[in-house]
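Asks: Assemble the whole structure, with the sequences as input and the hints as a guide.
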Amino acid sequence: MMNEIVLEVKNLKTHFISNKGTAKAVDGIDFVLRKGETLGIVGESGCGKSMTSLSILRLIPSPPGKFVDGEVLLNGKDLVKMSNEELRKIRGNQISMIFQEPMTSLNPVIPVGEQIAEALRLHQGLSRKQAWDKSVEMIRLVGIPSPEKRAKQEPFQLSGGMRQRIMIAMALACTPEVLIADEPTTALDVTIQAQILEIMKDLQRKIGMGIIFITHDLGVVAEMCDQVGVMYAGQIVEHRDAKDIFNNPLHPYTQGLIGSLPKLYEDQEELQIIEGTVPSPYDYPEGCRFAERCPFSTDICVQKEPSLIQYGDNAKVRCWKYTNEWQDSLAKEVLKS
Amino acid sequence: MSKDLIEKKPLLQVIDLKQYFVLKKEAMFQTKQVVKAVDGINFDLYPGETLSIVGESGCGKSTTGRSILRLDEPTEGDVLFKGQSLPKMSKRELRNVRGNIQVIFQDPYASLNPRRTIRQMLDEAMAIQKVLPPNKREARMLELMQHVGLRPEYLERYPHEFSGGQRQRIGIARALAVNPEIIICDEAVSALDVSIRAQILNLLKKLQKEFDLTFLFISHDLSVVRHISDRVMVMYLGKVVEISDKSSLFDKPLHPYTKALLSAIPVTDQTKRGERIILKGDVPSPLSPPVGCRFHTRCPFATDLCRQKEPVLVELEKNHSVACHFAKELSS
Ligand SMILES: Nc1ncnc2c1ncn2[C@@H]1O[C@H](COP(=O)(O)OP(=O)(O)OP(=O)(O)O)[C@@H](O)[C@H]1O
Ligand SMILES: Nc1ncnc2c1ncn2[C@@H]1O[C@H](COP(=O)(O)OP(=O)(O)OP(=O)(O)O)[C@@H](O)[C@H]1O
Ligand code: SF4
Ligand SMILES: [Mg+2]
Ligand SMILES: [Mg+2]
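Residue numbers (the numbering used here), protein chains in the order written: chain A, 1 to 337; chain B, 338 to 669.
Keep in mind the hints are simulated off the structure, nothing from the lab. Glycine residues also receive a C-beta, built at the ideal position from the N, C-alpha and C atoms. Treat the hints with care, as some may be off.
Claimed, not checked - Here are the computed lysine to any residue pairs in the SDA-like style, where the Cα-Cα straight-line distance is at most 20 Å:
id: 1; chain 1: A; residue 1: Lys201; chain 2: B; residue 2: Ala601
id: 2; chain 1: A; residue 1: Lys77; chain 2: A; residue 2: Asn11
id: 3; chain 1: A; residue 1: Lys66; chain 2: A; residue 2: Pro108
id: 4; chain 1: B; residue 1: Lys346; chain 2: B; residue 2: Gln370
id: 5; chain 1: A; residue 1: Lys66; chain 2: B; residue 2: Arg494
id: 6; chain 1: B; residue 1: Lys542; chain 2: A; residue 2: Asn11
id: 7; chain 1: A; residue 1: Lys263; chain 2: B; residue 2: Ser600
As the list claims (entries may be wrong) - Facing chain A, a subset of chain B residues (Cβ under 10 Å, in silico):
id: 8; residue: Gln350
id: 9; residue: Ile465
id: 10; residue: Arg504
id: 11; residue: Ala528
id: 12; residue: His564
id: 13; residue: Leu624
Replies: Have a look at this one:
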């Protein structure tokens with residue numbers, strides 16, 4: 001029962017269209033999420049992680065955003081084809097989201113406890129009193145002391161980490177089947193982070209919640225995730241079992257990313273970085289989107305776009321290095337020189 | 338404190354700083370509720386150093402940064418910048434000093450004006466602080482964008498057109514634009530992927546070397562703190578519980594809270610992780626902080642003494658101070 005697919009995303013594309021051109025923010029994303037499983041998503045800042053999650057929930061502001069293509073199947077039903085009415089019932093109930101910047105989604109002038117209670121009344125049909133009590137209970141659960149008092153405060157009166165935990169409490173209040181967590185613990189210290197991750201895992205065990213966990217913290221990926229998708233420039237470039245990715249990253253971008261981690265137990269004067277910048281989403285190159293920065297790039301990389309190919313049993317990678325064409329291309333280069 | 342810092346005069350002195358917030362009363366006869374967000378802290382910041390502040394969510398890190406700059410007016414205490422008292426300054430004098438002390442805010446979305454393009458924002462910052470004549474600003478803007486890894490054409494965009502991490506980098510560019518002496522970095526790199534984060538950290542270190550820049554660096558990411566800091570200050574519920582040279586703190590933490598904190602760092606190599614100390618007991622609220630040592634409700638070593646008497650910060654080892662009645666016993 002645990003390996004039933006709960007969410008499947010196929011060829012998801014979301015673009016931003018303006019007089020400056022078309023920005024291909026999300027450009028063909030595929031993945032499956034099973035019950036009780038956690039899929040981590042990591043990748044360069046601006047690569048489309050948040051837009052992917054907002055697209056799943058159809059929360060992209062349009063215009064300028066435009067849903068271009070794809071399917072989002074929740075228990076087999078396509079969210080893309082649903083009416084707004086149907087979607088409202090699903091959001092915050094069957095699928096909920098922890099937003100990256102709490103202040104963008106919390107109402108600044110309504111007490112935080114009230115905001116959680118409202119979701120509970122809407123989706124679970126609780127009475128005013130029941131909803132308030134449950135809301136206070138959720139605030140307690142995420143480790144905020146004096147929850148009765150905190151519930152009555154407005155967002156600006158809370159610290160950054162408390163606001164983030166309010167978002168978490170709100171997202172978990174209705175015990176969703178799928179939780180999309182966008183950088184949910186960036187503002188939390190490691191002890192509270194550990195506690196929050198534990199709460200999520202606990203719910204996962206109890207109700208088989210599937211989690212999409214977007215994070216920059218590779219340590220958290222190692223502790224929390226079963227699978228990892230690495231994104232670069234609007235696409236997934238590597239998809240792995242979480243336990244394999246640190247010891248044996250395949251894609252040159254993933255290799256660079258792991259190489260940039262500061263070492264906790266040694267002193268380094270300068271941290272390793274990936275030279276260069278990501279290509280503009282308004283103007284992606286023809287070949288591999290990482291080619292300009294890649295230490296291995298050859299002719300074929302610049303000329304043709306690689307596709308996401310199966311590699312071994314449990315890995316997918318979008319890189320010419322792992323194809324037969326690679327050998328041919330290298331041979332040609334040798335001939336030329 | 339690295340050797341050469343001790344001889345220098347502090348650039349910023351924080352003296353017995355307190356920041357209380359009074360909450361709205363809910364009923365007429367209710368007693369006044371006060372959040373003691375920062376409750377009497379002292380520290381010096383030396384030119385050219387990086388002092389990090391770490392500690393549990395809500396312990397008063399951002400508030401410390403905000404009250405230094407009087408973004409919240411401090412309740413009590415003093416802050417001296419080059420010997421001048423910031424709390425006593427007029428608004429006009431303060432405005433001049435703010436060019437020297439910049440903040441990168443924890444919540445970039447809330448701190449960027451949604452109606453200004455990045456170009457307008459940077460230009461305005463440079464104009465107000467009179468750092469460069471108009472004809473030199475363009476080149477400087479392009480340089481700043483490159484520093485923070487954003488494409489030059491993004492200058493024409495508005496904040497909502499960026500991703501979270503891109504917005505954070507705009508905040509960094511804006512702080513750097515006015516050539517400040519001190520930058521308060523409040524979770525300034527928390528939304529960045531590790532590669533861009535590395536690039537920004539390298540940049541900060543380089544600027545520090547070149548211009549003797551000083552950082553007050555607030556972060557939850559202890560591997561970053563370890564990399565960037567000269568000294569580290571640990572806060573708990575509005576108080577400083579430990580302050581030390583970086584290496585001494587990471588190698589030999591003295592306060593039981595610091596020990597628990599360091600043991601909880603997530604690592605990519607699951608075999609390298611040590612025993613995790615899980616804190617039990619009630620997390621106290623700044624609305625009613627425990628008497629005695631504020632950590633006693635969760636401390637595995639707490640005794641009656643801890644429940645009654647508040648420990649003071651004492652220098653137990655060279656440049657390593659801690660506020661715990663039993664720090665000495667526990668360290669041996
Ligand atoms: N309204 C908009 N108009 C044009 N481009 C946009 C708009 N909103 C977002 N983008 C672009 O879409 C791309 C993807 O953004 P997204 O927020 O998904 O990135 P992300 O991977 O979540 O990054 P981060 O790690 O920094 O949060 C970015 O390049 C961003 O600049
Ligand atoms: N304007 C305000 N009104 C009332 N209380 C406030 C206000 N600003 C902060 N506080 C309270 O002060 C305390 C310290 O908050 P602060 O933002 O300094 O924490 P922090 O250490 O930065 O935490 P985090 O790591 O979560 O960002 C919290 O209890 C918070 O609720
Ligand atoms: S396809 Fe080529 S350029 Fe792209 S990552 Fe692989 S080796 Fe590098
Ligand atoms: Mg994002
Ligand atoms: Mg803060």
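Asks: Work down the list of hints and note, for each, if the structure agrees.
Replies: Right, here's what the structure says about each hint:
Distance hint between Lys201 of chain A and Ala601 of chain B is fulfilled; the C-alpha atoms sit about 17 Å from each other, no more than 20 Å. About 16 Å separates the Cα atoms of Lys77 of chain A and Asn11 of chain A, which keeps this hinted pair within 20 Å; it holds. Restraint check for Lys66 of chain A and Pro108 of chain A: not satisfied, since their Cα atoms lie roughly 28 Å apart, outside the 20 Å limit. Simply put, Lys346 of chain B and Gln370 of chain B have alpha-carbon atoms about 39 Å apart, too far for the 20 Å limit, and the pair is violated.
A threshold of 20 Å between alpha carbons decides the hint, and for Lys66 of chain A with Arg494 of chain B the separation of about 18 Å falls inside it, so the pair holds. Between Lys542 of chain B and Asn11 of chain A, the direct Cα distance comes to roughly 42 Å. Violation of the 20 Å bound is thereby established for this hinted pair. A threshold of 20 Å between alpha carbons decides the hint, and for Lys263 of chain A with Ser600 of chain B the separation of about 16 Å falls inside it, so the pair holds. Interface restraint check for Gln350 of chain B: the shortest CB-CB distance to chain A comes to about 25 Å, outside 10 Å, so the restraint is violated.
With 10 Å as the threshold, the beta carbon of Ile465 of chain B stays out of range of chain A, its nearest partner Cβ sitting at about 25 Å, so the hint is violated. At about 8 Å, the closest approach between the beta carbon of Arg504 of chain B and any beta carbon in chain A falls short of 10 Å, and the interface hint on this residue holds. Look at Ala528 of chain B: its Cβ gets to within about 6 Å of chain A, closer than 10 Å, so that hint holds up. Residue-level restraint check for His564 of chain B holds (minimum Cβ-Cβ distance to chain A is 4 Å; threshold 10 Å).
Taken as an interface hint, Leu624 of chain B checks out: its beta carbon lies about 5 Å from the nearest beta carbon of chain A, inside 10 Å.
Hint compliance for this structure: hints 3, 4, 6, 8 and 9 are broken, all remaining hints hold.
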